[in-house]
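Heads up: the sequence shown runs through residues 252 to 495, numbered per the numbering used here.
Source of the hints: derived by calculation from the structure; they are not laboratory data.
Take these hints with a grain of salt, some might be off.
Listed below are the simulated BS3-like cross-link pairs for lysine-lysine, each with C-alpha atoms no more than 30 Å apart in a straight line [to be verified]:
hint	residue 1	residue 2
1	Lys403	Lys308
2	Lys356	Lys402
3	Lys308	Lys416
Computed Cβ-Cβ distance ranges for the label pairs, DEER-style [stated by the list, open to error]:
hint	residue 1	residue 2	range
4	Glu358	Thr410	28 to 34 Å
5	Ile338	Lys403	23 to 29 Å
6	Lys402	Glu426	24 to 30 Å
7	Asp359	Lys402	16 to 22 Å
Quick reminder that beta carbons are idealized off the backbone N, C-alpha and C, glycines included.
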Amino acid sequence: MNIKGILTAFVCCIACAVPVSANASGNYGEAYLIGEIGSESNWSVADDSVEIDGDAKYEYTWNATGDIEYLALCITPSGEYGNFNSITFPSLDVELNELWIDGAKIEDYEMGSNSSDMNYFSDGSGITRVYLKTGNTPADINDLAGNDSIKKSIRIVFTVSGLGKEGTSNFVEVEQTEKSETSATSEVKKTETTTATTKVTAITSSTTAPDIDSSAPTGDKGIATALAFTVLSASALIILKSKR
């Protein structure tokens, strides 16, 4: 074998020995919702889970109906990595930005300071969880802002950062398709209050005492009437005195 053949074989051996990294596969983890909503529950990787291939904003929707007993965003590892946690990725951060219920954005939603766990271990793998409601567990987390029941769907928007590679976002900006029940109730109360105020104003206007100055006769006729009244009053007093 000549020198050229030996070098070619050596390069091939080195290439085969180099492992394929997760960056080459383009996928770090899979994101989905776990928990119990009404009669439905999910505790494993969902069929429609979202691929996390880098730092980006993502979204996920769970179509379900009923009261929320337990709910959390879960990101499990995939690709060449066995963990999706802050041990493998020291700069990892997952922030839940928006909460949508039945097509309406919950404006007062705020992710709690203790709601994320980026070192949760399950079946030997490190995973990341962001809790929205933990039911009666010792953690006792409920960031749903009182919105514990849904009629058709719950949608979350979250941001992943610290992986060191730009990801492919599936986030789509949408407008609210319907008003929340709270807003609708407030609007009805506002209408009722306005109607009641209008009625009170109408009643007050109809019972207001007349303006004496504007209702009294004016001009010469007014003066003549006043003089006549004065003369009649004086005559009446004279007659009364004479009778006594």
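Evaluation of the provided hints:
Taking the CA atoms of lysine 403 and lysine 308, the gap is about 24 Å. The hint holds against a cut of 30 Å. Restraint check for lysine 356 and lysine 402: the C-alpha separation of about 14 Å stays at or below 30 Å, so the hint holds. Using a Cα cut-off of 30 Å, the hinted pair lysine 308 and lysine 416 holds, with the two alpha carbons roughly 13 Å apart. Under the hint 28 to 34 Å, the C-beta atoms of glutamate 358 and threonine 410, about 18 Å apart, miss the expected range.
Remark: the range hint 23 to 29 Å for isoleucine 338 to lysine 403 is contradicted by a beta-carbon distance near 38 Å. A beta carbon spacing of about 19 Å between lysine 402 and glutamate 426 contradicts the range 24 to 30 Å that was offered as a hint. Evaluation of the 16 to 22 Å hint for aspartate 359 and lysine 402 yields a pass: the beta carbon distance comes to about 19 Å.
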